[in-house]
Every structure is written in structure tokens, then in C-alpha cells.
Amino acid sequence: MGLEKAEVMYPEEPRCALVLLLDVSSSMDEYMEGKRKISELNRGIKTLKEELIKDDLAKKRLEIAVITFGGNDEVRELRGFSTLEDFNPPEFEAYGITPLGKAILHAVNLVDSRKQFYKSKGIDYYRPWIWLITDGMPTDMDVGDKMWEKVDKAVHEGVTGKKFLFFAVGVGGADMEMLNRISLPNREALKLKGAKFKVMFEWLSKSMKAVSASKVGEQVKLESPRGWGEAEI
Amino acid sequence: MSEEIGITPKEPKLVIFGASVKGEHHEKNNTDSQDVWGYKHINSDASIIVVSDGAGSSKEGRLGAEIVVKSVIEAVENSSQLNRNNLQESVKSALYHAREAVEEKSLELGIELDELASTLIITLVNVEHAFIAHIGDGAVVSKINNELGIESEPEQSEYVNETTFLTSDGWVSRLRIKEVGKFTSLAIFTDGIQRGILITEGEGYTPYEGFFNVLFDYASKVKDEQKASEDVEKLLKSEKFQKLSEDDKTLIVVSNLGGI
Chain E
738 MGLEKAEVMY PEEPRCALVL LLDVSSSMDE YMEGKRKISE LNRGIKTLKE ELIKDDLAKK
798 RLEIAVITFG GNDEVRELRG FSTLEDFNPP EFEAYGITPL GKAILHAVNL VDSRKQFYKS
858 KGIDYYRPWI WLITDGMPTD MDVGDKMWEK VDKAVHEGVT GKKFLFFAVG VGGADMEMLN
918 RISLPNREAL KLKGAKFKVM FEWLSKSMKA VSASKVGEQV KLESPRGWGE AEI
Chain G
-9 MSEEIGITPK EPKLVIFGAS VKGEHHEKNN TDSQDVWGYK HINSDASIIV VSDGAGSSKE
51 GRLGAEIVVK SVIEAVENSS QLNRNNLQES VKSALYHARE AVEEKSLELG IELDELASTL
111 IITLVNVEHA FIAHIGDGAV VSKINNELGI ESEPEQSEYV NETTFLTSDG WVSRLRIKEV
171 GKFTSLAIFT DGIQRGILIT EGEGYTPYEG FFNVLFDYAS KVKDEQKASE DVEKLLKSEK
231 FQKLSEDDKT LIVVSNLGGI
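For the record, the sequence lines run as chains E and G. Position one of the first sequence corresponds to residue 738 (this note's numbering), numbered consecutively onward. Position one of the second sequence corresponds to residue -9 (this note's numbering), numbered consecutively onward.
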């Protein structure tokens, strides 16, 4: 019998979940360096898809979910996770307040339920990423209050327990001190340089490509984000 | 690899053939394959096969793998007459030798030891038995008494842990040793093809019959190692395997003509 008769199985590709947690409150409607922040955010997300869809592995493995927070204290999830090909987010409009606390908790729960789904189907998965972009002060929590404690605990336990990676990016007038309280000690929150959304999303797409190409469990070295962000400690 | 064949004894008791193929991932980036393998006939009926897979995240993963393969073979060759009693010692000391060689290289190049990370499967075989030393992923499957079995599994990689490499801190405690009695065939492979030929069930793995029955049937009829190696190379380059993963792919087969 020739070797060409040897059969091979095709189990499911391992999945990499990315949650974009986006501030669409009214301050995102303001201008920075002559550009409307929300327009730059929308453009950046398009760039993310354009860059990633060129990559075969990312196409097969990456899943993106979008959670926005703003409006009348609203946290909105856009239809769960989709693969790159099905990822067609709308142009976001900015208005309203900033329920950051609720939004973070929603993201943490979303990631957890996605992992339960993977486990139930026997699908391998990479450690999910939560990518937060916010430009202001939260309106649903203050450092030290009940909501704050809940959020702080959820993020710290999640990151230390290696349940997800958490990246916080502050734009414009963001409260970096508050973001750092949530982010550290595992990772510094980064301040977006001006309105470099596009550069940031290019970095994110490069990182996602690297993760998609890595072996599950293998640590991926990320490039320095200096091109678009800086730590402010 | 095939240069190691040397003088084939008049009636070869063990047939060894196989190939390593660069994956799409490295083809596209025009970088080298990070799978390296080598083998040597130690004496008239014993052979050693070493397979090493450089860590994708390590800049010099391939170099690390090359050093490992070369130094393990060297060490085993230079050790005194191998027999049942000192197999384990010989292999362990070969591992230490390989680890030292990698450490020396990291100092020489002024790079972190991590940059030379690679997994490792050492298989020492003769017609009576096989001895396996395994660090990291990849696996060894056997056919004994007409039954398929897995002799050494890919390391149980919990979600949170990294694969263990020879360069990892915990390598000695994560080294897995397996002694196998008389066997008909063995297949040694890296994780580039693992997904397609091992069935995952809960905590363990089972060899996929659709693949291994064909492979071992083919192996039992091999007369020409060179031709057989070419056939394996063709197989690994086929669309069937390319579709499976972009990773480098290595498959080495040992057929025991003095076996059962």
C-alpha cells in the first residue's frame, strides 16, 4: 500500500479570542490634533481587519467581539464573537456617559463564557485578549467604591490567574492614574500618542498575527508599543 | 540525515527512514525550518535517532535544535558499548552533554539561553527494545503484536504552561523516559503533524488507525531506505499535510525486521 493512502484528521483550529472594549461616550466625539477621536477609532478598526485578514492563520483562528460603552449608561455587545471574514462592525457614534466598570465586568464574563464554549467543544484556545480604549473618567465607579472593588478584583484575578491578558489604552483626557490602578502590577496602561489609532491598531494586528502563529501555551514576545503609546507612571 | 546511513549491514535488522519538511510558515517568511533530525547506527544492530524542534518564539531555535541533535549523537557514539544496563545512563549523560553544548553556545553568542530553545525526542533502538527520552511535544507511536500504541505522548501542555524545552529550568523533572520491549515499528514525529494523526480524548492520546496502519504496513515492506525517505518527504509535502498546519513537519519510522 502506498503512503498516499495514509489518512489524516482535521480537528478544529485553535481559537484566539480578542475583545475590543470601546469607549463611545460623548468626549470621544471631540477633536484631537484636528481629528475626531471616534472617526479615528472607526478607521483604526477597519485597519485592524484589513491587516489581519491578509494572514491565513489569523483568518482561521482569530475571533473578535466588540463591546461599546457610553450612551445612557449602556454597555453594548455586538453579536458575540465573529471570525475575521464576518467581522463588519458599524461606524460608531459617540455620545453619552462612561460606564467603564460595567463594561469591564461584561468583557470579563464574555471571555469566561467563550472559554466554557471552547471547552465544551474540545477546541484548543489561546489566552484571550481584552483590549480597552477609553478617553475619560468612568461615571459608574470611583476608586475605592463597591463597583471599583469588583472591577479591580475581576481584572487582577483574571490576569494573575492567567485567564486573559488585559491591555488598557488611555486616549486624550483619560485618567491614566485610574487606568494604571487597574492595569498594574501586571502591565502598564498606555497613553495613546495623540490620535495614533491607526498605528495602534497596526500594532495590535501584528501582535494578533504572532499569537495566531504561536503554539498554544507558547509565550509570544510582543514588539514595543513605543510607536503609538507610552507608559505614564 | 541520509548522510548518516553509512555502511548498511548485509541483512539490515532495523530499517530507518523519514523526512523533515519546512512548513508554509517558514516558506512564506523565507526562514529556515526549525525541525532538525539525525540518526546514526551505533554498532551492528543499535541505532540512535534524535529529533529536535526549535521553539518558534526563539530567535535561534533552529541552531539550538542542530546543536542538540549533533551533541546527543556524538555523546552516545562516544560512550562505551551500549547494552541494556547502561542505556538510561548513556542517554541521560548525552542529554547533559547537549544541554552544556547549548549553554556554551548561548555564552559564545552572548544571547539568552531561551533563544536556543528546542524540544527533544531521543530514540535508541535495537531489535530487542527501544529506549525513549522525551522533552516537550511531538510523540512516539508503536506497533507491537499488531496493536498500535503511544509510547511517549506530547507533553500535557496545560493552558497556562509553556512547552518544556531542553533549555527550560525544569527540564530534568519534565524529562520523560520510556522503555519499550520488542516492537515491530515505531514512528517519531514533531508537533507539526501531531494534530492530524493523534486522537485527543480527554486527558490522553490515541494513534489514528487511518494513518498508522498504512504507514506501518508500508514500513514492513521497505527495502530501500533512501526511496522510503523520499516517499515520506512527498507525503509531508502533499496537500493533505500542508492543509493540516503551517508548521515544520518531521516523521521518522523505524521498522524492526527482527521484530514481531
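FYI, nobody ran anything at the bench for these hints, they're computed from the structure. Be aware that a few hints might be false.
What the hints assert, rightly or not - Sample of chain E residues with no beta-carbon within 12 Å of chain G, all distances over it, derived:
id	residue
1	Glu749
2	Arg780
3	Leu794
4	Glu822
5	Leu842
6	Ser850
7	Lys930
8	Lys952
Claimed, not checked - The list that follows gives simulated cross-link-like pairs (lysine-lysine, DSS-like), each with its CA atoms no further than 30 Å apart:
id	chain 1	residue 1	chain 2	residue 2
9	E	Lys742	G	Lys18
10	G	Lys211	E	Lys742
11	G	Lys224	E	Lys796
12	E	Lys883	E	Lys796
13	E	Lys786	E	Lys796
14	G	Lys213	E	Lys796
Beta carbons are placed, not taken as given, at the ideal position from N, Cα and C, and that holds for glycine.
Please write out, lowest number first, the hints stated earlier that are contradicted by the structure.
1, 3, 8, 12, 14
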